[in-house]
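Residue numbers (the numbering used here), protein chains in the order written: chain A, 1 to 178; chain B, 179 to 356; chain C, 357 to 854; chain D, 855 to 1352.
Worth flagging that the hints you see were computed from the coordinates, not collected in a lab.
Don't take every hint at face value.
[To be verified] If you want the footprint, here are the derived chain C segments under chain D, 3+ residues with CB under 8 Å:
id, region
1, 373-379
2, 705-718
3, 726-735
4, 749-761
[Said to hold, decoys possible] Calculated from the model, a selection of chain B residues having no Cβ within reach of chain C, i.e. all distances over 10 Å:
id, residue
5, Arg-188
6, Leu-207
7, Leu-217
8, Arg-227
9, Glu-230
10, Glu-305
11, Ala-323
12, Ser-327
What you are looking at is a predicted structure, and each value in this text was computed from that prediction instead of being measured.
Beta carbons are placed, not taken as given, at the ideal position from N, Cα and C, and that holds for glycine.
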Amino acid sequence: MRYRVEVEGRDFEIEVDLEGRIWLNDRPLDVDMEQVDGLPQYSLLVDHRSYETVVEGEREGECRLVVAGRPYLARFLDRQRSPAQAVYRHRAEGAAQVLAPLPGLVVEVGVEEGQRVEEGDRVAVLESMKMHLELRAPRSGIVRAVHISPGAEVAQGEVLVIVTPLPQSGGTGNPENS
Amino acid sequence: MRYRVEVEGRDFEIEVDLEGRIWLNDRPLDVDMEQVDGLPQYSLLVDHRSYETVVEGEREGECRLVVAGRPYLARFLDRQRSPAQAVYRHRAEGAAQVLAPLPGLVVEVGVEEGQRVEEGDRVAVLESMKMHLELRAPRSGIVRAVHISPGAEVAQGEVLVIVTPLPQSGGTGNPENS
Amino acid sequence: MKIRKVLIANRGEIAVRVLRTCRELGLETVAVFSEADRESLHVRYADEAYCIGPPPVQESYLRGDRIIEVARRAGAQAIHPGYGFLAESPGFARACAEAGLVFIGPRPETMEQVGDKIAARRVAKQLRLPLLPGTEEELDDAGLVEAARHIGYPVLVKAVAGGGGVGIRVARSEEELRSVIPLARREAQAAFGDDGLYLERLVERARHVEVQILADEHGHVIHLGERECSIQRRHQKLIEEAPSRALNPALRERICEAAVRLMKAVGYVGAGTVEFLLGPDGDFYFLEVNPRLQVEHTVTEAITGVDIVKEQLRIAAGRELGYTQSDIRPRGWALECRILAEDPAHGFTPSVGRILQLREPGGPGIRVDSGVSEGMVVTSYYDSLLAKLIAWGETRGVAIVRMRRALAEYRIVGLTTNLDLHRALLDSHRFFGGQFHTRFLEEHFARSEPEGEQCLAAALTAVLLDWRRRAGARVGRSEPASRWRTLGRWEAMGGRGW
Amino acid sequence: MKIRKVLIANRGEIAVRVLRTCRELGLETVAVFSEADRESLHVRYADEAYCIGPPPVQESYLRGDRIIEVARRAGAQAIHPGYGFLAESPGFARACAEAGLVFIGPRPETMEQVGDKIAARRVAKQLRLPLLPGTEEELDDAGLVEAARHIGYPVLVKAVAGGGGVGIRVARSEEELRSVIPLARREAQAAFGDDGLYLERLVERARHVEVQILADEHGHVIHLGERECSIQRRHQKLIEEAPSRALNPALRERICEAAVRLMKAVGYVGAGTVEFLLGPDGDFYFLEVNPRLQVEHTVTEAITGVDIVKEQLRIAAGRELGYTQSDIRPRGWALECRILAEDPAHGFTPSVGRILQLREPGGPGIRVDSGVSEGMVVTSYYDSLLAKLIAWGETRGVAIVRMRRALAEYRIVGLTTNLDLHRALLDSHRFFGGQFHTRFLEEHFARSEPEGEQCLAAALTAVLLDWRRRAGARVGRSEPASRWRTLGRWEAMGGRGW
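Start from the sequences, fold in the hints, and give me the full structure.
Encoded structure:
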C-alpha cells in the first residue's frame, strides 16, 4: 500500500507491503513501532533512531501527533487513505455550525434566526477563563438556528448557531468538505 | 442496608439508607465519596476529614484497598453483602448471563445449549494474563445459548453463555434485585 | 498564637505547595473548594476539606465570610491565602483578625498602604527610591490626559488597586490614551472593585527585576536576593529566574538595599516582593510591592535553600526569622517555566479538557510543583496554570540545559499547553545569552522549528496506524490489549480474587 | 578522545539517569535493550536503540560482545556501564579499549586490583588503613576454617569477586562455617564466575559509611564527602543519606583522607567509592572499593550540587575535574529511599505486574529518579528497583520530614512496593534520632501501624462501592464517565475533529 503524507511542509512517499516492510521514497527503511504503556503512544525505532509519538487526534485525512513534545500535523495527500473517513459526517447541504470552542458563559448573541450574515461576522461572545472569545460566522448565508441566549452556560463542542448558504451561493459546484 | 465490615481487627457497623445517608454504629456520619481521575480511586470526606482510597482488588466478601499509601483489607462479615455478586446481571425473566470479566482466550467450554446446570457449575475457562479463570453458572437452570467455542478471543463484557431458570425454579417469589 | 491547624484559602498548585510545607511542619490542614474542584489535588491532600460554593470565584474562593466560617468550624488558627483571590484583601485580613484568626500575610494597614499603587509610589518617593515619571494622585479622565503631557508618551495606564499585570494598557498618543481610559476603568472596576487609574512612563525594552523580602514582627527584615521575570506575555510572567543576569554585584547590592529600606519603612511583616524595572540604560525604578507569596518564589527557594512558606508560617506564629542576612548564601542558578493550559499558536487562548496522560520530568536539579493529576478535568473557571517546572544548576547554562531536558521529558496529553513555546524560548540564542526584555516574547516568539526526522516519525506513525487498522481488519489481527481496557475490565473483576 | 555519542549499557532508572546528563551535555545517545524492555523508558529516551537479545541477562545485558558491536555500528565513542551488569568487568573494559571505545569507568587494571577483595585489602594494609581481622589470601575450605580460629567468631564469608552485598553469609561457629562454605562457593561461582571466598570478622551493630571519590587522568583526586547506608535488608542498602550522623568533623576528615589516599595509591581514574565499616566503638575499617557509579550517588549530588555522571563523562574524555577539593562545599542533608517492587510483609518477595497508576511526589527538595512509567509492565527478569526518591533539606530533620511527606504523596497502584516499609522506617524515633546500624531493619522492622481513621475510610469505601452498585442496578444510576472509558472512546473519535 502506497501513502503520500505531508508533515509541516515535507512530503513523504511511504509504501508498506503485506508483510509490513516499509519503503521511504522507494528506499527500504527499518521501522519498529510499538504501542507503549497501553496508551495512544508509540515508540518508533526508525533505522534504530528512537522517537516517542503520541496520537492526539485523527480526522478525515489528517492525524495530529506530538513528537518529542512538539505538535505535528500529518496530512494524507491521497484522500482515500484517510484513517477517519467512515466517521466524519459531511453536511451535503453546506450548512455550517458554530461550535463552542470552550465551555463558558454566553455574554452576547449578535444574530437572530433568519438574518443574513457574511463570513467573519460576529455571531456571539463567550466568556471563558476570564477571557472574551468572539465567535464568527464560518460562512456567508442565512442564520438557520440560534440555540443560545445571553447568560447561558454552554459546554465545549455545543452547537450554538447554524448558518446555511443562500440559494445562489449554495448552487455553485461541490460543497466544501471542511 | 446494614453492613458489618472488619478492617485490620476493627469492626464497623455501617448502615446506608435509600437516600445514601450513612450511620456508623448507629450514629449519623457525613460521608461524601467521589471517584477521582477516572480511576478506581476515591476521595472520601468523612465529616470533612479527607482520605484518598484506592481499590486494588475485590473478591467475594473482601476488598483490598490502599489508604494514604498503606494497604488495608476490608472484610464483609455478612457474606451476603459481598461485592462480587454485582458482576452477574439478572434479567427480569430470571435469565442470567455469563460475561467475560476480562478479555482473553477461551480455553474450555463446559456446557452445551439445552443442558441443565446447577448454580456454581463450571461453564467455561478463560485464559487471561497467563491466568486461568473459571466462569461458573450464576444460577441453576437451562443453558439457553453458548456464544463461544474453545480458541475464541473474547472482549471484556462479552456475553458468553446465557442460563434461564427451570420453570419450577423461576416461579418462587421475586428475583433478588442484587 | 500557637498555630496547629491552617486553612488554605486557595486551590491548584499553590494550595498544594502550601499544604506540602504544612505537612512537613506537622500542622493540620483544612482545604476549601468550589463545586468544580471536588476532585482536585488540594482537596485530597488536606486533612479536612469543606465545600464553599459554586464554581464561580465570586461565589466560592472570594467568599471570605464562608472561608472564615469554615476556619472557625474546623478549629483552624490561621488562614494562608496563597496568591490571587483574597491574598491582597485588607478587608479579608481584618475579618480574619476579628474572628480571632491569624491571616498569614502582612498587616491590613500595610496591605492598604502598598496595595494602593499611588500610595506606594509616595512612600518610595519619600525614601528617595528611583521612580518612573508618573501620576502622584488619583485623577479624573481629564487630569490623566493633562498629566500624560508632562510625563511624556508612551505611557502605561495601570489600576491603582491592581496587581499581577492585570489590566495594564499602553497609550502611545493622547488620542490613544483618551480611548483607553474608559476601557481601563471598566476593567479595573471589574477586576478590583475600584476604577482608580494611574499613569507611568513606559520604558521600552526594560527588564523586570524583583527582590524577595522576609520580615518578622520583631523588626528583622532580610532579602533573599532578586529574581528576573522579563519573559512575559501580555504583562503576565512566563519564565522567571534567579539571580538576574542583568545585575552586577554593585547594582544587586543597591536594589536589594532599596527593597529592604522600603519594607522597613512601611513596617512590613511577612514575605513580600518589591518589584523594579531596569531600563536599558542600567537604571532601576521602583514599580510596586506584592504583599504576598508569589508564583515564582520557587526559584529563590532553589538557590537559597529557604522554604519561604515555612518562613511565612513562622512569622505568622510570631517567631523570629530562621535566618539572618548573612545566613543567606545563594548557590547556583534557577529557572521556572509556568506550564499553562493555553494555545500560544492561537493567541494564548485557554484550553480545557481532561488530562489523558501526564508524565512529569524528574532527575537531578528538577522540581515540579503541580496542581493537576492524570485524569483530572481542567475547567474554564480558574486560571490556566497547571504546574511550575523549576530547574536548578550550578550555573545559568546548566540550569538552561536542564530545563530543556526536563521540558522534553514532560508529557501532557489531552490539552494544548505552552510546553512547546517554552522549548522554543529556551532554545533561542538570545535567551541563552540573557539578552531579553519584557517584550522579548512578543518580538521573538516562534514555535519551535519542525525537525525533519520528527516529521518522518510523525508520518510513519500516521501511516502505520492506518495500515495496521486495515491489516487488522484483513487478517483479524488486533493491537495488544491496551491499558484502558485493562483498567476498564479491572473494575468489574470483583469475582476474580487476586 | 572527543566523545560525541555514548552507548549506555544498562536499563531501568540508572540508564535514564545517565541519559539525562548526556542530553544536558548535548551528547548523542544509544540505548541497548533486551526483548523484555522494548517499551522501557530508556529505549524511548535515547536517540537510538538496539535490541541485543532475549530477556535473560546472560543473553542480553551481559553480552559485552553484542554491546560493543552495537557501539561500533552506531558510531559511539564511549560506553557507560551504569552499575551492575558489566560495570565491574575488567574483561569488558579491555574489550572496549581493543575496539577503540572509551569505557566510562576506571582502568581495567585498577578494576582487577580493587575487584579482587583480597588484593584490595592488601593495598589497604600497605597504606596502613585500618582493616577488620580477616584472611589475607585465597584459601581452600580447610584453610578458611583454620583462619577463622585466628580471626574469631562470628565471621562474615564473602566472595573474593563479590560486590553489592551479594552472597554474604554469617557464621557464628566453626560448625556453621563448615556448612556455609560450600553454599557460599556455589553462590559466588554462579554470581561472579569465581568461587573464591574470604573471611572478615563480623562487627555487630556496625554502621556502613562510604566516601565518594572523583579522580581524573591528570592525577587530581578529590572526595565529595561521605554517605551512610546502614539501613539494609539482607545486606542490600535500602535508605542512604549524606552526610553521616555517625561522623564528627575529625573522624570525617580521617575517613575521607584515607579514601583519597587509597584511590591515589591504586592510580584510580573515574568516579568510585571507598566503603568503610564504623564499629560501635567509633573505629572505622576499610571494607572495599566500588569502582563504578553507585545507586546512592544521588544524595551526594543533592548536598554538593555536583553532577557525578557529568564528571564521569569529563574524566572519560580526558579532561580535568571541574572541581578542586575546596570547591566542594556540601550544604544541608539528603536522604534516598529505594522504591522496590517487593513485598516486605512476605519476606521481600519480588512483585511483578502492570503499573496501573503512578503518581510521583514533587515540590520543594524532592527528586525522583524513576525507571518506570504508568502502564509499564514490571517483569521478573531484572532487579526490583523501580525508582529512587531523594529528599534534601537544610538539616537532617527537614530532609526526613520532606521524605515522609513525599512518601505519603507517592502512588504506585498495581504492584506491591516497599513504600509502606519506608514510611514505617522514616516514622521511627530511632531513625529520626540517627540511632541505627546495619541490622536496624531486621531488628526493628514493622509495617506501619494501621490507623483507626484510615480503617474507617477503607470500610466506608468498600461499603459504598457495594451499595452504589446495588443502588445503580436498582435506580438505573451509574458512576460518572471514567477515564478509561474516555480513553477508549477517544481512539474512535476520529470524526470529531479537534
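Hints, verified against the model:
With 4 residues bearing a CB less than 8 Å from a CB of chain D, the region 373-379 of chain C meets the requirement of three and the coverage assertion stands. Counting residues of the region 705-718 of chain C whose beta carbon lies closer than 8 Å to any beta carbon of chain D gives 6, which meets the minimum of three for the stated coverage. Counting residues of the region 726-735 of chain C whose CB falls under 8 Å from any CB of chain D gives 4; the rule of at least 3 is met. Only when three residues or more bring their CB closer than 8 Å to a CB of chain D does the claim for the region 749-761 of chain C stand; here the count is 6, and the claim holds.
With a least beta-carbon separation of about 20 Å from chain C, Arg-188/B lies farther than 10 Å from that chain, consistent with its non-interface assignment. At roughly 15 Å, the least C-beta separation between Leu-207/B and chain C is larger than 10 Å, which holds for a residue marked as non-interface. The beta carbon of Leu-217/B is not kept farther than 10 Å from every beta carbon of chain C, the shortest such distance being approximately 6 Å. Look at Arg-227/B: its CB is around 6 Å from the nearest CB on chain C, not clear of 10 Å, so calling it non-interface is violated.
Against chain C, the non-interface label of Glu-230/B is violated: not every CB pair exceeds 10 Å, the least being about 5 Å. With 10 Å as the threshold on Cβ separation, the claim that Glu-305/B sits away from chain C holds: the shortest Cβ distance comes to roughly 13 Å. Every Cβ of chain C is farther than 10 Å from the Cβ of Ala-323/B; the closest lies at roughly 21 Å, confirming the non-interface assignment. Every beta carbon of chain C lies more than 10 Å from that of Ser-327/B, the smallest distance being close to 15 Å; the non-interface claim holds.
Hints 7, 8, 9 from the list above are not met by this structure, while the remaining hints are.
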